[in-house]
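2 protein chains.
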Amino acid sequence: MNKHVYMYDTTLRDGTQGEGISLSVDDKIKIARKLDQLGVSYIEGGWPGSNPKDMEFFLRVKELDLKHAKVTAFGSTRRFGVTAEADDNLRMILESGVTAVAIFGKSWDFHVTEALGTTLDENLSMIYDSVRFLKENGLEVIYDAEHFFDGYKHNPDYALATLRQASEAGADWLALCDTNGGSLPHEISEIVARVCTEFATPVGIHCHNDGELAVANSLAAVGAGARQVQGTINGFGERCGNTNLISIIPNLQLKLGYECVPPEQLKQLTNTSRYVYEIANINPPNLQPFVGHSAFAHKGGMHVSAILKAAETYEHIRPESVGNTRRVLVSELSGQSNLLFKAQELNIELDKTKPEGRTIIQKIKEMEHQGYQYEGAEASFELLLHQGLGDYEEVFAIESFKVLMEKHGESDSTTEATVKLHVGGQTVHTVAEGNGPVNALDNALRKALEAVFPDISQMYLTDYKVRVLSEQDATASKVRVLVESTKDGEESWSTVGVSTNVIEASWEALIDSMRYALMGRQNEAVDLSGDEIERQGIVNH
Amino acid sequence: MNKHVYMYDTTLRDGTQGEGISLSVDDKIKIARKLDQLGVSYIEGGWPGSNPKDMEFFLRVKELDLKHAKVTAFGSTRRFGVTAEADDNLRMILESGVTAVAIFGKSWDFHVTEALGTTLDENLSMIYDSVRFLKENGLEVIYDAEHFFDGYKHNPDYALATLRQASEAGADWLALCDTNGGSLPHEISEIVARVCTEFATPVGIHCHNDGELAVANSLAAVGAGARQVQGTINGFGERCGNTNLISIIPNLQLKLGYECVPPEQLKQLTNTSRYVYEIANINPPNLQPFVGHSAFAHKGGMHVSAILKAAETYEHIRPESVGNTRRVLVSELSGQSNLLFKAQELNIELDKTKPEGRTIIQKIKEMEHQGYQYEGAEASFELLLHQGLGDYEEVFAIESFKVLMEKHGESDSTTEATVKLHVGGQTVHTVAEGNGPVNALDNALRKALEAVFPDISQMYLTDYKVRVLSEQDATASKVRVLVESTKDGEESWSTVGVSTNVIEASWEALIDSMRYALMGRQNEAVDLSGDEIERQGIVNH
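Chains E and V, in that order, give the protein sequences. Residue numbering for the first sequence is 2 to 542, as defined by this note's numbering. Residue numbering for the second sequence is 2 to 542, as defined by this note's numbering.
Hints are computed from structural coordinates only; laboratory data are not their basis. Small disclaimer: the values here were computed from a predicted structure and weren't measured. Mixed in with the good hints there might be a few duds.
[What the hints assert, rightly or not] Stretches of chain E that chain V covers, calculated by requiring three or more beta carbons in the stretch to come under 8 Å of a beta carbon on chain V: (1) 126-133; (2) 200-212; (3) 232-246; (4) 390-403.
[Stated by the list, open to error] Calculated lysine-lysine pairs in the DSS-like style (CA-CA distance at most 25 Å, straight line): (5) V:Lys479 with E:Lys256; (6) V:Lys35 with E:Lys466; (7) V:Lys403 with E:Lys408; (8) E:Lys479 with V:Lys403; (9) E:Lys4 with V:Lys154; (10) E:Lys479 with V:Lys408; (11) E:Lys403 with V:Lys408; (12) V:Lys366 with V:Lys479; (13) V:Lys408 with E:Lys448; (14) V:Lys466 with E:Lys466; (15) V:Lys366 with E:Lys479; (16) V:Lys403 with E:Lys421; (17) E:Lys421 with E:Lys4; (18) V:Lys256 with E:Lys154; (19) E:Lys408 with V:Lys408; (20) V:Lys408 with V:Lys366; (21) E:Lys154 with V:Lys68; (22) V:Lys421 with E:Lys408.
[Stated by the list, open to error] Cβ-to-Cβ under 10 Å is the rule here; a few derived chain E residues that face chain V: (23) Lys268; (24) Ile318; (25) Glu321; (26) Ser322; (27) Val467; (28) Thr501.
Backbone N, C-alpha and C define an ideal beta-carbon position, used for all residues, glycine too.
Construct all of the structure, not just a fragment, from the sequences and the given hints.
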């Protein structure tokens, strides 16, 4: 039996149909690189015919040196009444320069006549012509049979006839779609088995999670002979989402012995999942299977020694196998290897056997315990490492800040911030307005620093996120603020702040961002004399 | 074939093992009432032996007049080496006054000898004795076979022997637990079928979601003969959570023809799911199957007329059947019936055919579009209805407010708020401090009002929640603030505010809370003369 199951990722196309998920071309490029590192076989990048953003992605993704994944375009079969050669959509797919394509066609007779408004025969020709045309142009063709399971349940003969067109025209894959997401595992199993019996063309499965069964349905399909699973990272997608590849991969690979990604990449699952959440700016759900923060959390009431002695009897898989960590609440041992790994990535040597190393690890644990999170705030993390190693010097020192917000009647509120700090041997005291407390503080801070460091004016915030931590406790709940900054739109970095006061948390993140931007430039500041500063007019803006 | 499948809810026990979920006794009573309305068969309330909070729940829940559900206690089999009669845990179960109990025992030989540290034979006696003792005391007994599937895979004979003890001692149910959550549907199916063949006692299933398969595994068990499904609302629970009853019920009842809850209660599923999220203070995930906000959202690009004509071909079930609503993004038609239903609950007549009715519906839609959410803010909703119907009079009017926050060096920050408002024919101007902007504003506002309404001093905030909306857009992201207030700790009410500025959003919610507390009392305020106010010393605190 062939034990290879191909992972077909559509995070960048179907995933972005999810409500509240929107990815820039930059975001998509970053995710494509990550998916390739994980080792998926296909990355569906978008629909070249549908918008210019997707076309830009296909142009830019060619510059990446992808190791595992084939970049795939998505599109529909030709419109009715035109030849494949004359169809704009199909032409755009060729123009996108991909070597593989997924095109979808209708399997359900009702949709052909009602939604599409054509005849059953014309639909068959549309499928045949489109696949043939793309094959003649040298592409690998995945035929996506839309609404296949619902269509089959209503009219099995017609549903199978559509597949026959694709197969005879040379399709490399027949991917069966549970488009409405309502099928049950036993139905999927039975229907996929029938298709696998009738066709020599390899079969794929594309499920949605409307019944909370997308993972189970995809596993059932593989059990019945499917060898390609389409899905998205974290199950992003329209309505209730698509099949979650982050759960499919370990279920298939660790429990059923299939090969989906190179075995050594399995431990990138947790990291990949969180990376995609960060880029999409979505809170990772703690209870997500395999990769969630709580997925391997053991309560204090359990016999810890027993867990450590025979963890496999308390855990369905080893957490390290998917890059997650066991959390035993009585001893916070987790995460140490992650820290060392991260320091290495930043070219900072961190030896946990030396005192500085131990102190830094201790410090980071303390900070994380307070709610800081460095996964998405690498600049704050790097500052912390340098501070711990003693090779960081302050470029400026804050004396005080103040925020004043006022609202009169129905008029708009006004916010003013003042900042007093020491930089370049001088005390600088500035004031600025903003559309809210954070914006005002950012303006005042920048004003204070840009006289000594004129290039700070080219730096600006690109992202600002607030999350409420420990939602449980009404009055004491903390917020975590993440700030992303850039200089000239090229380099960008992220910082974090935590406090019970949202203004203070934001302030912390802003300060870290400026510190990071100015790291190593303390000499420039000290070189400036008081006179020079006066001439540049920086005192008391 | 018996088509009744009993829903055994353990939100109040296993659900609270989920990280970040903690429920007060009040919360548990509220949820129990809701579960009974939904029509589940069993409500597992807690472990009487484990803590006084659970015991208090069992005392208080008796006062509820539950229609459908049996309240169940949870506990373990007797300790080894003591008789069942002498076991404290079992005694506490009897004391709790329940009529049904779930007791768990060990099924996996390894856990008996290693974790429990006793012999395989003693474990069998522990099971037999405990079930017998509880049956002799007149209870319905559900025997929870912990780690049953893993145990069976390692030593099927011993696992079955443990069930035999429970069955022979008179257990009413044998509930098979996939405690580590790692089993796959085909395994569950095969093992449950074997148990159903060997035992006449009805079988239950208890799954965890570690493989993202809890719903599928529970369906597989029912398919193999199980007739009780244990789970929680929204799948709350330890690690990755338990089986989500909110998905199990419609899958079994709408798709497979089983009876789980009274058919007319199915449309309470969405409402029940969100109610439990609100009480647990957790953001409902938009993409949750069946009940999520996005579960029936159709993109604008689709042929809307086709959806409206033949929705069943685009949706796996009708959204109304589970109390959810279709959302067609081009026309925000949803939610109207919910509004009318809510108004009715508040004894406010709202006729959508009259102009006021239409205006109110329009207004609420606008507000919800801006990010307001009235599910968890009934006081704001009621104010809005009264305003729309023209029977609301302002008790006070805000002129202005101001917040000043300062931080010097490493010292703690200080926050001061001033409020200027008109009440009782006077202008009142107050100032107060707080540990953050919201606390300071609350203090200043209360100070301004309590001279005219002295009883406002008995009112205080019990809950404060901030959620960031539209996380996508960095600078324009809005926050929604929910505030819960109480007077004397008896009556309580919730209000909402939305703004890009967290202070303004909080202020809105605070103002609504005071307005609600003072609704209908405008005459008291106007009756007070300026002289009287001066004597009470309220001006310019």
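These are the hints, each one checked on the structure:
1. 126-133: violated (count 0)
2. 200-212: holds (count 3)
3. 232-246: The restraint on the region 232-246 of chain E holds, since 7 of its residues have a Cβ under 8 Å from chain V and three suffice.
4. 390-403: Coverage by chain V holds for the region 390-403 of chain E (5 residues, Cβ < 8 Å).
5. V:Lys479 with E:Lys256: 44 Å, violated
6. V:Lys35 with E:Lys466: Distance of about 35 Å is beyond 25 Å: violated.
7. V:Lys403 with E:Lys408: 6 Å, holds
8. E:Lys479 with V:Lys403: Given that 25 Å is the threshold and the Cα spacing comes to 23 Å, the pair holds.
9. E:Lys4 with V:Lys154: The hint holds at about 23 Å.
10. E:Lys479 with V:Lys408: Status holds; Cα separation ~18 Å.
11. E:Lys403 with V:Lys408: 6 Å, holds
12. V:Lys366 with V:Lys479: Holds, at roughly 17 Å.
13. V:Lys408 with E:Lys448: Holds, because 19 Å separates the two Cα atoms, which is no more than 25 Å.
14. V:Lys466 with E:Lys466: 16 Å, holds
15. V:Lys366 with E:Lys479: At roughly 31 Å apart (the allowed maximum being 25 Å), Lys479 (chain E) and Lys366 (chain V) break the hint.
16. V:Lys403 with E:Lys421: With Cα atoms ~21 Å apart, Lys403 (chain V) and Lys421 (chain E) stay inside 25 Å; holds.
17. E:Lys421 with E:Lys4: 66 Å, violated
18. V:Lys256 with E:Lys154: Cα-Cα ~14 Å, so holds.
19. E:Lys408 with V:Lys408: Judged against 25 Å, a Cα distance of about 22 Å means the pair holds.
20. V:Lys408 with V:Lys366: At roughly 41 Å apart (the allowed maximum being 25 Å), Lys366 (chain V) and Lys408 (chain V) break the hint.
21. E:Lys154 with V:Lys68: Violated - the C-alpha atoms of Lys68 (chain V) and Lys154 (chain E) are around 40 Å apart, more than 25 Å.
22. V:Lys421 with E:Lys408: Holds, at about 10 Å.
23. Lys268: The hint is violated - Lys268 (chain E) has no Cβ within 10 Å of chain V, the shortest such distance being about 17 Å.
24. Ile318: 7 Å, holds
25. Glu321: With Cβ-Cβ at 15 Å, over 10 Å, it is violated.
26. Ser322: Hint violated; Ser322 (chain E) Cβ to chain V Cβ min 12 Å, cut 10 Å.
27. Val467: With a minimum Cβ separation of about 5 Å from chain V (threshold 10 Å), the hint on Val467 (chain E) holds.
28. Thr501: 6 Å, holds
Hints 1, 5, 6, 15, 17, 20, 21, 23, 25, 26 from the earlier list are contradicted by this structure; the remaining hints agree with it.
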